[in-house]
Amino acid sequence: MKKIIFILSAIVVLSSCGLFNKLAAPKHNSTALSLAQSAYREDSALYESFKILGTDLSYSHAADIYDVIESTIQQKIDLDTTRKYNTQILSMDHTWYNQVESARQDHQRDGTISVNHINVNGALLNQIGHIVVRTETTYK
Amino acid sequence: MSVDINSIISGVYNDFANNFLAAIGTDSKELLVTGATYVTDAKTSLVAIGTAALATENPMSWAEFKLKLIEEGKIAVAAFKSVEQLLATDVQSFINSQIASFESLLLGQLIKLQPVT
Chain A
1 MKKIIFILSA IVVLSSCGLF NKLAAPKHNS TALSLAQSAY REDSALYESF
51 KILGTDLSYS HAADIYDVIE STIQQKIDLD TTRKYNTQIL SMDHTWYNQV
101 ESARQDHQRD GTISVNHINV NGALLNQIGH IVVRTETTYK
Chain U
1 MSVDINSIIS GVYNDFANNF LAAIGTDSKE LLVTGATYVT DAKTSLVAIG
51 TAALATENPM SWAEFKLKLI EEGKIAVAAF KSVEQLLATD VQSFINSQIA
101 SFESLLLGQL IKLQPVT
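These protein sequence lines are chains A and U, in that order. Residue numbering for the first sequence follows the working numbering, starting at 1 and increasing by one per position. Residue numbering for the second sequence follows the working numbering, starting at 1 and increasing by one per position.
Chain U with its partners taken away, still in its complex shape:
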């Protein structure tokens, strides 16, 4: 049986590379949207805290300003944990789909190489 190894290898590589890069692109876009949302909300909170501290009438006390900044810090930590979880869930589904895709490509080519009985 004549086997065109180069054609098989480049076929597997091209298909896998295209699937792999497309999946990374999709997950990266989701992560960027999430990050941008969290950053926008954090800015709104910080502006509100700053405005309250600098108000001409009944400004927030120094002690309360510090307390609200600490609370904002705790919420920022929650945002980092959320991104960590998003990465984890993306990595799980990403790896599962990539393993399945790669195995399918590889097995498809290996089956073609099996001698006909």
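Chain A extracted, bound-state conformation:
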């Protein structure tokens, strides 16, 4: 009887190990979640302020904030590089970083940010930030 139980358990464990290799995800990491939430708060606050102030905010006044957001995402990228099974989350991080950089360049070209860029880049940054925060929240 004990042999049967042992063999059954061994089969289950071995077959499940094979599956985990194909479907693995990083484990929950509170620092990675905190960095994602910070960057999300920062870019949401920046674009909310544009909606309140209108198109008056010049790039020179916002440049430091873009720096802070990019620095926070870069810290997350550095941390995620050390995590196991990080291919997907790193890809999401880089998409986010590139989106912030694209928004920064649009603002820099505008001088004072245009209504189109407030609405479009605000929505795109909210979308990618939400994806990364939710992903980090759902890791178990």
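No lab work stands behind these hints, which were simulated from the structure alone. Keep in mind that the hints are not guaranteed to be accurate.
To be verified - Below, computed lysine-lysine pairings styled on DSS-like, alpha-carbon distance capped at 30 Å:
1. Lys112(U) / Lys27(A)
2. Lys81(U) / Lys27(A)
3. Lys74(U) / Lys84(A)
4. Lys29(U) / Lys84(A)
5. Lys81(U) / Lys140(A)
Just so it is clear, the structure is predicted and the values come from calculations on it, not from any experiment.
Once you have looked at the hints, place chain U on chain A.
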């Protein structure tokens, strides 16, 4: 020793089936909520891009419209990757808990069948 095999089998089956279906239901609900959130955000972005392209004053140029759609496409890929990761993390914890639950049910019944020494 008289053993009611039918009762043992149906007990193990019923308990396992209930646990299994309840766990799938919980994970499916989480996944649906995540998917719905991503779809809502994507709609907001696409509406913003369309509104900017069709604005009567200073509409977005065709080149920039295409660029923003490409960026939206990259973010959509990030959403798919997020769902893939959510499925993976759910599958890991789901399989772990189901294996533990099934082993516990099975071992509980097998121990009862052991002859008393």
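Verification of the hints:
no., hint, in the structure
1, Lys112(U) / Lys27(A), "violated, 38 Å"
2, Lys81(U) / Lys27(A), "holds, 15 Å"
3, Lys74(U) / Lys84(A), "holds, 23 Å"
4, Lys29(U) / Lys84(A), "holds, 27 Å"
5, Lys81(U) / Lys140(A), "holds, 16 Å"
Checked against the numbered hints listed earlier, the structure breaks hint 1 alone; every other hint is satisfied.
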